[in-house]
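Number of protein chains: 2
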Amino acid sequence: MATLRVPEIIPSPTQDSERLRKAFEGLGTDEKGIIWILGHRNASQRKKIRDTYQQLYNESLIDRLHSELSGDFRNAVILWTYDPPERDAKLANAALKTKNKGINQLQVIIEIACASSPDHLMAVRQAYCSLFECSLEEDITLNISSLPLRKLLVGLVSSYRYDREVVDLNLADSEAAKLHEAIQMKHLDHDHVVWILGTRNFFQLRETFECYKQKFRNSIDQDIKSCGNGDLESMLGVIIWCISFPEKHFAEVIRAAIVGLGTDEDSLTRAIVTRAEIDMMKIRGEYFNMNNTSLDNAVIGDTSGDYKDFLMTLLGARI
Amino acid sequence: MATLRVPEIIPSPTQDSERLRKAFEGLGTDEKGIIWILGHRNASQRKKIRDTYQQLYNESLIDRLHSELSGDFRNAVILWTYDPPERDAKLANAALKTKNKGINQLQVIIEIACASSPDHLMAVRQAYCSLFECSLEEDITLNISSLPLRKLLVGLVSSYRYDREVVDLNLADSEAAKLHEAIQMKHLDHDHVVWILGTRNFFQLRETFECYKQKFRNSIDQDIKSCGNGDLESMLGVIIWCISFPEKHFAEVIRAAIVGLGTDEDSLTRAIVTRAEIDMMKIRGEYFNMNNTSLDNAVIGDTSGDYKDFLMTLLGARI
Chain A
1 MATLRVPEII PSPTQDSERL RKAFEGLGTD EKGIIWILGH RNASQRKKIR DTYQQLYNES
61 LIDRLHSELS GDFRNAVILW TYDPPERDAK LANAALKTKN KGINQLQVII EIACASSPDH
121 LMAVRQAYCS LFECSLEEDI TLNISSLPLR KLLVGLVSSY RYDREVVDLN LADSEAAKLH
181 EAIQMKHLDH DHVVWILGTR NFFQLRETFE CYKQKFRNSI DQDIKSCGNG DLESMLGVII
241 WCISFPEKHF AEVIRAAIVG LGTDEDSLTR AIVTRAEIDM MKIRGEYFNM NNTSLDNAVI
301 GDTSGDYKDF LMTLLGARI
Chain B
1 MATLRVPEII PSPTQDSERL RKAFEGLGTD EKGIIWILGH RNASQRKKIR DTYQQLYNES
61 LIDRLHSELS GDFRNAVILW TYDPPERDAK LANAALKTKN KGINQLQVII EIACASSPDH
121 LMAVRQAYCS LFECSLEEDI TLNISSLPLR KLLVGLVSSY RYDREVVDLN LADSEAAKLH
181 EAIQMKHLDH DHVVWILGTR NFFQLRETFE CYKQKFRNSI DQDIKSCGNG DLESMLGVII
241 WCISFPEKHF AEVIRAAIVG LGTDEDSLTR AIVTRAEIDM MKIRGEYFNM NNTSLDNAVI
301 GDTSGDYKDF LMTLLGARI
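Protein sequences, first through last, are from chains A and B. Quick note: the first sequence, position 183, residue 183 per our numbering, numbers continuous. Quick note: the second sequence, position 155, residue 155 per our numbering, numbers continuous.
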């Protein structure tokens, strides 16, 4: 369930474009107007607005937003305004080009591969090729020096999983055993691990993880943790979490972005922008279960100004 | 260059559907009429005919062709009438379900992955999921017991290569060395081999193979052959051939289908049906260079009746 609120009667893309244009013109920018329009339109409506704005004014809406806004607010509005596959291709590219990147940066790629639909992942790969003159997989091999991390990530982003609920219990049983064997041998990038995680449908994988717990007492992520606390173990933890409970994963991303001194605005923005149209209602519930406090209050407490208003709009608040 | 001949003025899909219907009705089937219509329409025209026929007569054109025709002629016409991604998904599935399959059966999967456009491969994977309730990769892991063959094939069908001519000479040099090292160690399914063959664009790979030859004197397929004559070596040979010279590969498929006693109609049909709209003109030229005889004469000599007429129509002959 999404938290995005789209009005029952939607202005035409031309009306929206004209109002956006008005918000950009004159002395100062009307940020509230921009939030009011873009923060209440879904992906296909935003696409029509982008196209119509370009036709009407012969300028890119994204470029204009870039020149009118600033800071975290700008980043959030622009990420939201992109077509989702293009947005995710850009996020993946930025993560890969980060120096000294760790799992914290790379988890956006896992989210695209393991917490999105197979068709979305395919669209991201197509967008990546269009934008960056090479495939996503090539940039992974180029920018990730650890061979086991590289092998897992290439396997995951190359997947095109079957998208309906078909589960084979015998297969879950035998693949739980194969995963257990690889974990026992501490061979976490074994070919079988890559094949299982990178080809099976999500329903089948959840059954396999459940089967693992029943057969071997511990959950698979507990057993992986006991192999060590390096990047490979962390990455596998994120992969299993994204497949099993994407809402818990994103609740945790938001918690980690907010907790302690300072805020990790990039992660906070990413989680809210990428999930507001998908499962943010569930993430909000999960956040409450995990932290005994509301996600909305946490965001209000850690952000301010237009940035806060925009995120809260995506979270369904009536600003 | 294609050999398919599409008339300058094309009847409407409704006219074509009506004529096909007429060819089916009455005593006996008018095979010549079917060849005349379907054998002169490209993929998007055939799609319109399929859709229009279904709407007009509330029956599937494919089903009707199946009940009206028989033998190799039927197989060829039906394969040609399918949407190309659906056709290739069915060919891949049939190959995987064959008992005692060898490289001869599996090469259709290599052709889809290495001698087609990246977008076509993606469309085949989507069609596969729609038709068979699992992903192509899952059926590869299920049906191919040899782990090295499985690893290579999963890597290849999962690729989504960059589709334009961008070549990095230094990369070609360093990856030629990596391939050479893997071949020297006889470790032909090394992760690096799978990454290089499964992620690089075709132009880059051709440069890498060229570089290999310059650095190490032998061509890469010669060196692979010297590792042994098992399935893995044969498969890598087909992969390199499909990437480097798809027209030579298909000329060889046709030659092998025709040579000796009896004809391998399935391979002959596959090569002509899948390439008539792509590069059959080049394949024909290559066939002549390799065999000093014309492909058309070879097909005429080894086939007969409606089957021969249909193949020759796809080869551009005026029947």
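These are computed hints drawn from the structure, not numbers from a lab. All values derive from a computational prediction rather than experimental measurement. Among these hints, one or two may not hold up.
Below are the DSS-like pairs computed for lysine-lysine, each with C-alpha atoms no more than 30 angstroms apart in a straight line [to be verified]:
no.: 1; chain 1: A; residue 1: K101; chain 2: A; residue 2: K48
no.: 2; chain 1: B; residue 1: K48; chain 2: A; residue 2: K186
no.: 3; chain 1: A; residue 1: K308; chain 2: A; residue 2: K213
no.: 4; chain 1: B; residue 1: K48; chain 2: A; residue 2: K48
no.: 5; chain 1: A; residue 1: K97; chain 2: B; residue 2: K178
no.: 6; chain 1: B; residue 1: K22; chain 2: A; residue 2: K186
no.: 7; chain 1: B; residue 1: K22; chain 2: B; residue 2: K48
Inset, instruction - Tell me, in ascending order, the numbers of any earlier hints that this structure violates. - result: 1, 2, 3 and 6
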